[in-house]
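So the protein sequences, as listed, match chains A and Y.
Take any residue in the first sequence, count from 1 to its spot, add 8: that is its number in this note's numbering.
Take any residue in the second sequence, count from 1 to its spot, add 8: that is its number in this note's numbering.
Think of the hints as simulated: they come from the structure by calculation, not from any bench.
Certain hints may be false.
What the hints assert, rightly or not - Under the rule of at most 25 Å between Cα atoms (straight-line distance), these lysine-lysine pairs were calculated in the DSS-like manner: (1) Y:Lys84 <-> Y:Lys216; (2) A:Lys250 <-> A:Lys216; (3) A:Lys250 <-> Y:Lys84; (4) A:Lys250 <-> A:Lys293; (5) Y:Lys250 <-> Y:Lys46; (6) A:Lys216 <-> A:Lys174; (7) Y:Lys120 <-> A:Lys120; (8) A:Lys120 <-> Y:Lys293; (9) A:Lys174 <-> A:Lys46.
Said to hold, decoys possible - Which chain A residues stay away from chain Y? Per the calculated CB distances, all over 10 Å, these: (10) Gln20; (11) Lys46; (12) Leu71; (13) Thr98; (14) Ile116; (15) Asp208; (16) Arg213; (17) Arg366; (18) Glu367; (19) Ala377; (20) Pro405; (21) His423.
Values in this document were obtained by computation on a predicted structure and should not be read as measured data.
Each residue gets a CB set at the ideal place from its N, CA and C atoms; glycine is no exception.
There are 2 protein chains.
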Amino acid sequence: MDVQQYMQQLGQAARNASRVMARAETMQKNRALIAVAKEIELAKPELIAANQADVDAARANGLDPAMVDRLILSEKAIATMIEGLHQIVTLADPIGEITDMSYRPSGIQVGKMRVPLGVIGIIYEARPNVTIDAAALCLKSGNATILRGGSEAIRANQVLANCIRKGLEAAGLPGDAVQVVETTDRAAVGMLITMPEYVDVIVPRGGKGLIERISREARVPVIKHLDGICHVYIDDEADIAKALPIADNAKTHRYGTCNTMETLLVHRSVADQVLPKLAELYNSKSVELRGCELTLSVLTTIKAATEEDWGTEYLAPILSVKVVSGLDEAIDHINQYGSHHTDSIVTENYTKARRFLREVDSASVMVNASTRFADGFEYGLGAEIGISTDKIHARGPVGLDGLTSQKYVVLGDGHIRQ
Amino acid sequence: MDVQQYMQQLGQAARNASRVMARAETMQKNRALIAVAKEIELAKPELIAANQADVDAARANGLDPAMVDRLILSEKAIATMIEGLHQIVTLADPIGEITDMSYRPSGIQVGKMRVPLGVIGIIYEARPNVTIDAAALCLKSGNATILRGGSEAIRANQVLANCIRKGLEAAGLPGDAVQVVETTDRAAVGMLITMPEYVDVIVPRGGKGLIERISREARVPVIKHLDGICHVYIDDEADIAKALPIADNAKTHRYGTCNTMETLLVHRSVADQVLPKLAELYNSKSVELRGCELTLSVLTTIKAATEEDWGTEYLAPILSVKVVSGLDEAIDHINQYGSHHTDSIVTENYTKARRFLREVDSASVMVNASTRFADGFEYGLGAEIGISTDKIHARGPVGLDGLTSQKYVVLGDGHIRQ
Chain A
9 MDVQQYMQQL GQAARNASRV MARAETMQKN RALIAVAKEI ELAKPELIAA
59 NQADVDAARA NGLDPAMVDR LILSEKAIAT MIEGLHQIVT LADPIGEITD
109 MSYRPSGIQV GKMRVPLGVI GIIYEARPNV TIDAAALCLK SGNATILRGG
159 SEAIRANQVL ANCIRKGLEA AGLPGDAVQV VETTDRAAVG MLITMPEYVD
209 VIVPRGGKGL IERISREARV PVIKHLDGIC HVYIDDEADI AKALPIADNA
259 KTHRYGTCNT METLLVHRSV ADQVLPKLAE LYNSKSVELR GCELTLSVLT
309 TIKAATEEDW GTEYLAPILS VKVVSGLDEA IDHINQYGSH HTDSIVTENY
359 TKARRFLREV DSASVMVNAS TRFADGFEYG LGAEIGISTD KIHARGPVGL
409 DGLTSQKYVV LGDGHIRQ
Chain Y
9 MDVQQYMQQL GQAARNASRV MARAETMQKN RALIAVAKEI ELAKPELIAA
59 NQADVDAARA NGLDPAMVDR LILSEKAIAT MIEGLHQIVT LADPIGEITD
109 MSYRPSGIQV GKMRVPLGVI GIIYEARPNV TIDAAALCLK SGNATILRGG
159 SEAIRANQVL ANCIRKGLEA AGLPGDAVQV VETTDRAAVG MLITMPEYVD
209 VIVPRGGKGL IERISREARV PVIKHLDGIC HVYIDDEADI AKALPIADNA
259 KTHRYGTCNT METLLVHRSV ADQVLPKLAE LYNSKSVELR GCELTLSVLT
309 TIKAATEEDW GTEYLAPILS VKVVSGLDEA IDHINQYGSH HTDSIVTENY
359 TKARRFLREV DSASVMVNAS TRFADGFEYG LGAEIGISTD KIHARGPVGL
409 DGLTSQKYVV LGDGHIRQ
């Protein structure tokens, strides 16, 4: 069987399974999640051996050590996986929820019912924990899923696929509701993103290059996260006692996350006061600073920032710093160079806070809070399939609701249109 | 200037204007709508002359008479256009609305703010009234718009474009917030749908062929309506006094609309009772019936339906009729052959009504009501840019909210992430 046939077969099976999943009861979906957790527990020795074989092969092939790190499934990682499944059991089932039901002048009652999207294709790197995480979220939201993980994790993913199938079947749900692509042929990805008849939406998780390529070539809607060039703007009316911890936390809490600050904007009236203190703080944590001309006049020993810096997501202990003339310049800079992800203003001024919230065109806009809060768990979504930098369908952290749609429900009593 | 340069220039201008529109106050947008109405009033003689020239040219070129009909701007059509603008003034402004604001355990407050999508590209046929309708909805929802109407309406559209620009500028808003593509070069459409840097979403309005082609070629999300193959299912527990008017209204109220019933499903236990009465009713209105084998055993003189009939949107006084064994077969038929638009069950049975609502995978699902109710005005949206048969972003009738997105708003008091 060639890849095309294989993928179409997966697609058809997913479509069929999605119909059953859409009407599955909450209890049944929860039973499946618990059964999957149990199967993983039972398959632990097999899973560890498969992962070891993946890791050995990856090392032999000279895979980047950072990627090998993310490939490794420790005992602790497996325990976290299992705990994650139990957490998703506790989340409210979004499916079937009816809202906004009201009577119209014609006499009909109109409302909206939350429904699954159908079939979700997930494309991700060689991180076997994503397999369970993504499968569980799609399952709970009543969707069928086709998972295509990085080929370096294929052995562990096959073991996990088997656990998921057994768990689904134990709960009386179709085993095909979650399918893991079992070929490492790269053509499989090309097929997956161009089968609108079988796949309703693609969620890519990985590097920017991969996601850009998928967005360009997909014939199916893509819920995507490109990059996180996040800003903190310290206003002249900022409370410095709030500004310093926020600027510290936003940059240094974790360097490799998408909601980490990459550019700090400081009002020129407070630059002299704020920048030396922050420079000391960042210096103590070995954060490299790159400044605009005005910044360099205060912090004389740091490197100059280039035009390229303003549009760079470092994902590293590097921070670009720009002194601005006020709120307008800050907002313009963010809207021009940012990635519409997460931006925060530190100010005590009501009107400026209000303007920042309204005029900054980002998925998350904040006042007096660290950008690191932009996260599905912190926002109370209970779980997160990713963070969308798009505006269509889902924006910002995407939880179970982002994997659903709403249909209109109309109740009448023999009503006809006049 | 070539088409590519021209379209990029429109795109850049729209993007710039969209930033101003996003923060425009409700009052200012309403003033612009009223000013556009006034400009149209003033330009009426010019508009009628331009339209007459369009119509003459279309007739000379042998345009289909039905299309010429839709091209004509009567005095009444112009009055309706002006009234439409005033109606949109009365609609609530969705932009800036903050919902779901709540405190999280960390102490931050998280909610959502409704924001415009940005730049909306609208591609439609030679119907000048759509120019004003679409422009007004995009304007009220704080978006910038690029409008590409059918080339046969180019002269009237240019007059209208001028009225819109004057109205915007009179209200202090950027004239580029609504731009009408002033070239009839077809390459303009190809450009418009492949400029993700300038255009955030495309709304095509027109025939299925046009929309399929745009969806296939677009590199920008498309809010689309393909076809409306709508069903009414008359259950064995239907109240016949409700079933007959609903089946009549759903088919014969208007033949050419997307929410018109195209296939009638009847439970076999009531086929003998219902079908002859309906056949008489449809016969009196010259509706052609095409039946399945079981239907033909009751209505012996009608034409047989072919496999193709079940998947056909007639948009004409033709109806396919199928006798089914029960709810399961009805739901399976609808999900397989329908277009996921609008489907209705007629029944007094609580459990079957509930199952139909949950299991039929359509944008609108109804109980004891005519499919003709699937409409933005009937649903209380106040206006309608179209009806989406997609699941992503907007499903069913799309009003102002469908032209918006939501961003997260986070309010803190110096909060940092632990």
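How the hints compare with the structure:
{"no.": "1", "hint": "Y:Lys84 <-> Y:Lys216", "in the structure": "violated, 29 Å"}
{"no.": "2", "hint": "A:Lys250 <-> A:Lys216", "in the structure": "violated, 33 Å"}
{"no.": "3", "hint": "A:Lys250 <-> Y:Lys84", "in the structure": "violated, 62 Å"}
{"no.": "4", "hint": "A:Lys250 <-> A:Lys293", "in the structure": "holds, 19 Å"}
{"no.": "5", "hint": "Y:Lys250 <-> Y:Lys46", "in the structure": "violated, 46 Å"}
{"no.": "6", "hint": "A:Lys216 <-> A:Lys174", "in the structure": "violated, 34 Å"}
{"no.": "7", "hint": "Y:Lys120 <-> A:Lys120", "in the structure": "holds, 19 Å"}
{"no.": "8", "hint": "A:Lys120 <-> Y:Lys293", "in the structure": "violated, 35 Å"}
{"no.": "9", "hint": "A:Lys174 <-> A:Lys46", "in the structure": "holds, 10 Å"}
{"no.": "10", "hint": "Gln20", "in the structure": "holds, 13 Å"}
{"no.": "11", "hint": "Lys46", "in the structure": "holds, 29 Å"}
{"no.": "12", "hint": "Leu71", "in the structure": "holds, 31 Å"}
{"no.": "13", "hint": "Thr98", "in the structure": "holds, 15 Å"}
{"no.": "14", "hint": "Ile116", "in the structure": "violated, 5 Å"}
{"no.": "15", "hint": "Asp208", "in the structure": "violated, 6 Å"}
{"no.": "16", "hint": "Arg213", "in the structure": "holds, 18 Å"}
{"no.": "17", "hint": "Arg366", "in the structure": "violated, 6 Å"}
{"no.": "18", "hint": "Glu367", "in the structure": "violated, 5 Å"}
{"no.": "19", "hint": "Ala377", "in the structure": "violated, 3 Å"}
{"no.": "20", "hint": "Pro405", "in the structure": "violated, 7 Å"}
{"no.": "21", "hint": "His423", "in the structure": "violated, 5 Å"}
Violated hints for the displayed structure, listed by number in ascending order: 1, 2, 3, 5, 6, 8, 14, 15, 17, 18, 19, 20, 21.
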